[in-house]
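> Using numbering that gives the first Met the number 0, the first residue of the sequence shown is number 0, and each one after it goes up by one.
Don't take every hint at face value.
[To be verified] DSSO-like, lysine-lysine: derived pairs with alpha carbons at most 30 Å apart: (1) K186 with K152; (2) K186 with K7; (3) K32 with K7; (4) K7 with K152.
Everything labelled a hint here was simulated from the structure, so no lab data went into it.
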Amino acid sequence: MQPEELRKRLQGVFTVVVTPFRPDYELDTEGLKRNLDFLIANGVHGLIIGGSLGEFSSLSMEERRLLFRTAVDHVAGRLPVVVCTSHSNTREAVELTSYAHSIGADGVMVTAPYYAHRPEEGIVRHYRAVADAADIGILVYNTSRAGVNLSPKLISRLAEIPGVVGVKQGTRDISEQDATVRLVGHKIRVFSGSEVMMLPCFALGAVGTTSVSSSFMPQVMLECYNAAMEGDLCRAVRAFDGWAEYRLFASAHGQPATVKAGMQMVGLAAGPVRLPMLDLPEEARGQLRSILRNMGLIP
0 MQPEELRKRL QGVFTVVVTP FRPDYELDTE GLKRNLDFLI ANGVHGLIIG
50 GSLGEFSSLS MEERRLLFRT AVDHVAGRLP VVVCTSHSNT REAVELTSYA
100 HSIGADGVMV TAPYYAHRPE EGIVRHYRAV ADAADIGILV YNTSRAGVNL
150 SPKLISRLAE IPGVVGVKQG TRDISEQDAT VRLVGHKIRV FSGSEVMMLP
200 CFALGAVGTT SVSSSFMPQV MLECYNAAME GDLCRAVRAF DGWAEYRLFA
250 SAHGQPATVK AGMQMVGLAA GPVRLPMLDL PEEARGQLRS ILRNMGLIP
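Model the full structure from these sequences, guided by the hints.
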């Protein structure tokens, strides 16, 4: 898929696909395939593979390549597949991006390089190096997990790089969300980078959201998106309020542990999280089970 085609298709609910592990913590590629089929059947608009909530920080480079290849081959063009090629080492990010292009991924998602001191010009050059690596669409990801905030003005600079087709704006600062849409919304696609922020972001002009919770409750996220895009604010608010209790629980207990527990409860492949993250304790699982039952997601 050419970058311009990905830009056109960057809208709606893109699921941040969790990485399922077997009980021995090895990749569960067969489980991943079943989960991808579930998501496609339930109408999500796109897939993000190996993101931060896909636990890429705990994966080896070879595991990341295997994850990308398994997803791209199995989806086989049924939905856009964007793979996360983020790395604090620019050369590694370039290598992963080249690999993603070689196997037919539709796009890559890239954070700012993390941990190291990053002057603004260094961040711009990082993205340019990734863009030069392959003719593939790039989704810029602004996240506090990278340890740096990409200001709306910096995102505007990045939007000028050939190949950059969208931004996953993860800030919780509503004024920065607004400024991002105003500065770059006419050039590239602006996504809410946090499902907690998706409703106000839709109101500001964001064209989509990423969502890890849609890994097991896609219809909940799709209802909110569809209502917002149809201009039915009351319906969108009702849909958003419908999973408020879950949001509070997930915020208290963390992701992806919460969503993996939810996936297990509805019969999807998930497995444990890898250290340094921890699985939900049994008491919390009981609370989550009650929440999902109240939502009508499990009997």
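> Where does the structure disagree with the numbered hints, that is, which hint numbers, in rising order?
As far as the earlier hints go, not one is violated by this structure.
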